[in-house]
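Residue numbers (this note's numbering), protein chains in the order written: chain A, 1 to 559; chain B, 1 to 213.
In short, the hints are calculated from the structure, not lab data. Some clues are possibly wrong.
Stated by the list, open to error - For lysine-lysine, the following DSS-like pairs were computed, each having C-alpha atoms within a straight-line distance of at most 27 Å:
| hint | chain 1 | residue 1 | chain 2 | residue 2 |
| --- | --- | --- | --- | --- |
| 1 | A | K335 | A | K393 |
| 2 | A | K546 | A | K346 |
| 3 | B | K173 | B | K71 |
| 4 | B | K69 | B | K173 |
| 5 | A | K496 | A | K346 |
| 6 | B | K71 | A | K62 |
| 7 | A | K354 | A | K335 |
| 8 | A | K354 | A | K293 |
| 9 | A | K393 | A | K378 |
| 10 | B | K155 | A | K46 |
| 11 | A | K385 | B | K65 |
| 12 | A | K532 | A | K510 |
| 13 | A | K62 | A | K378 |
| 14 | A | K51 | B | K155 |
| 15 | A | K346 | A | K419 |
| 16 | A | K293 | A | K385 |
| 17 | A | K293 | B | K65 |
| 18 | B | K91 | A | K62 |
| 19 | A | K346 | A | K385 |
| 20 | A | K52 | B | K155 |
| 21 | B | K155 | A | K385 |
| 22 | B | K173 | A | K52 |
| 23 | A | K532 | A | K496 |
| 24 | A | K496 | A | K546 |
| 25 | B | K69 | A | K62 |
| 26 | A | K532 | A | K502 |
| 27 | A | K393 | A | K346 |
| 28 | A | K473 | A | K517 |
| 29 | A | K467 | A | K419 |
| 30 | B | K173 | A | K51 |
| 31 | A | K378 | B | K71 |
| 32 | A | K46 | B | K71 |
| 33 | B | K155 | A | K378 |
| 34 | A | K290 | B | K65 |
Unchecked claim - Some but not every residue of chain B turned toward chain A, in silico, with C-beta under 10 Å:
| hint | residue |
| --- | --- |
| 35 | H40 |
| 36 | L57 |
| 37 | E130 |
| 38 | N144 |
| 39 | S177 |
| 40 | R181 |
Cβ coordinates follow ideal geometry from the N, Cα and C atoms, glycine included.
Each chain, letter by letter, is given below.
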Amino acid sequence: MTPTPPTDDALPDDPELIAYLDGELDADDSRTVETELALDEAVRTKAEEYKKTYDLLDYLPKPEPSSTFTTRTLTRLQPVLSTSSVSVPVVSTSGTMPARRVRVWPELLFWAVALAAIGGAGFFGHSLAEPYLNPPPETEKFDQADLPLIHDLPLYAGVDDLEYLVKLREGGVFEADATPTAAVPGTIAAAGEEKVSLATQQKSIAQFLSFPPARQQQLRTLHRTLNELPTKEKSSIESTLEAYAVWLDRLPDATRTEILSATNAGERFEAVLRVRERQWRESLPATQQKALKSVATVEERTQFLRELRQREQAFRREWELTHHHWQPNKSEDQKAWPFNTPALAKSVDEYIRKGFGVDLAQPIDKKGDSAAPCRLSKDELIELKYRHEAAYKEGYWFSYGACLLQLAEQHPMLPEPGKGKPLTQIDQPPLSLMTVRRLVKNDGISLPNRFKASLGRWPDFALEIAKLDSNSKEKLPPLGPCRPGEFQDDVELFLKEQLFPKLGKGEREKLDGQLGKWPDYPRALIDLAKAKNLSVPGAMLPGEPKRWNDQFRMTSPKK
Amino acid sequence: MMALRDPDIRLMLRVRADDQTAFAELVERYQHRLVGIMGHLVGHSTEAEDLAQEVFLRVYRTRHKYTPKAKFSTWLFTIANNLALNALRDKRRRTVLPLEVQDSNFQGFRPGETRAPDKSAPPTQHLQQEELAAVVRRALDDLNERQRVAVVLNKFEDMNYAEIADVMGLTTKGVKSLLSRARAKLRDALQPYIYMDGAAPPDAEDQEQGEMP
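This is chain A alone, in the form it adopts within the complex (with noise of 0.2 Å):
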């Protein structure tokens, strides 16, 4: 009547019965609890309810990043980063550490500039450490309209005049510091608001006032020069004032000191650079740590530091494309290139048609083998129908990009016959099963077994095959077009019209010397075309190849 009472019987467990549903069971175990399931009804309902209560679980919501997900975990990174790429123990303020280029550097850095006056170094030298032995000194003294300035006076630590900001912006000294995150736009102006302090403003006020003079003076020159400079400049050294004020707040007090204390900018810049290049030999990996010391004369040590440096700028370049690139952009005109050309995005939706047997709008079948062949696996068929979904939807042209690129160069297409259709099946001539069964070693494994992975695909089965005659005496005819004038229309007309007529003397003999062959003339085609940066319809990526991988390439320079 009534279904088994779910209560008190169903609390002892099975372990025995719930390994063998999740397959974890050897043989003679497994023939155990068959056995049992054969022979009793109530083992077999509980079985049936493990399953199925199990089964209920699909109706949890499968919670999914949101889109901004990458972006505010690598953004999260920066302090990490910073840190960690600095061997000095870092301000104990490091949680409030903002991750973008804000204005709440003041409260940060204020140390700094305390320490620089209790250092006594430079044109702190005269202050002493006076605000701090005795009560701040009347800041009624002090005139209001310095106020902006004084705000951000801790970021000024360190700086003359804004001759020398520019030089060590055009120097690209501070460069690699600048994050990539902090060139979105909006994050200043949404941030330039938030309060300091009070007591924060009064020690910051008792500061300038301690500072002789002549140093306050060429304060308030520098922070009028730099607030009236046009925004686009403005903000261009602002990210270098920023970078370089919070490198300045992490150094060691002794590395510091020998910054703050040069008399005049050109020594301070010089000094930077000292230290800055002693820092970047110190960051070194171990390894070429070692190569460097291994390394005998002056010259060759000068060059093999350029050379480094250039892969390492190299890299950088590539970071910052990257990252670039990973910002979702909604607006139509943003879309990358080829998906902001109509006719190309849709050789790109036919290649993944044709190319990968993947229709797009289909839902991707749960069990894994759906009836059209599709020549990805399911991991890579649901990645490039996320990306494909993330890109239109969301923005992700570079995911998606990048994706295209590796599925293409994992699975390469050959063009297809101009004539018939494709080799994919073994009954298909000038195959017969026949043939096939001469082929393949008897090794008890059926056929359609046997070539479960590509057939009724193309080029894979005929690949298959091909390789198999290759290794047997069997010589059979070409099994796909491998001469001008057996291809489909649209690739003889790029022949003709594009690849031929670019062709030298010897490319266009060594290409011949592979008519009749296949797959290597076909495959010859592609290579050639490549490296004429054409792309053979159907059979390559559309557009120019060098773009793609320009653009959608993801590994480092540094091999």
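Given chain A's structure and the hints, the job is docking chain B onto it.
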């Protein structure tokens, strides 16, 4: 060796060598799985994202200590397991008292017993999907933390017992008994709902034989 055949291990080796692009790629690649797992464990999407993010940051912080021994995902999920267990324990400590008061429909019921009223009066109509999801959520929440982790890895990550054992630092035998207890509890809690998702019970015809023409 196996290490280099696993593309994720190659990727992680690049992360170890301070390749930031590789790290970004890693985040892109694993975010869905991690957020999904964390979401199933804590049942709250914002919390799940925070936890997943914490996992990635920990990966980054400990990147220099990484040695390619097992599958990369095993290593990643080990970190996720530690963080999730801590978070779940914290959560339980924080919420155990209010839960007793709020969740009991009847005076004197302890949290584990709140399912009883549902079971004694199984719904007669098909449950709405959300309602069913809520019931399943509650059943999952009633498992202890380790059982929940094991179930989620097994069910949603398709991990076998040996992989779960690696991630959770247990023996395969330990996982077997953990999962069997968890499954028994789930069956106990969800058994009345099996046929509420629209599927007819196999013995429905037997039961209604007399009334059918």
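Fill in: Hints that the structure is at odds with (numbers, increasing)
8, 11, 16, 25, 32, 38
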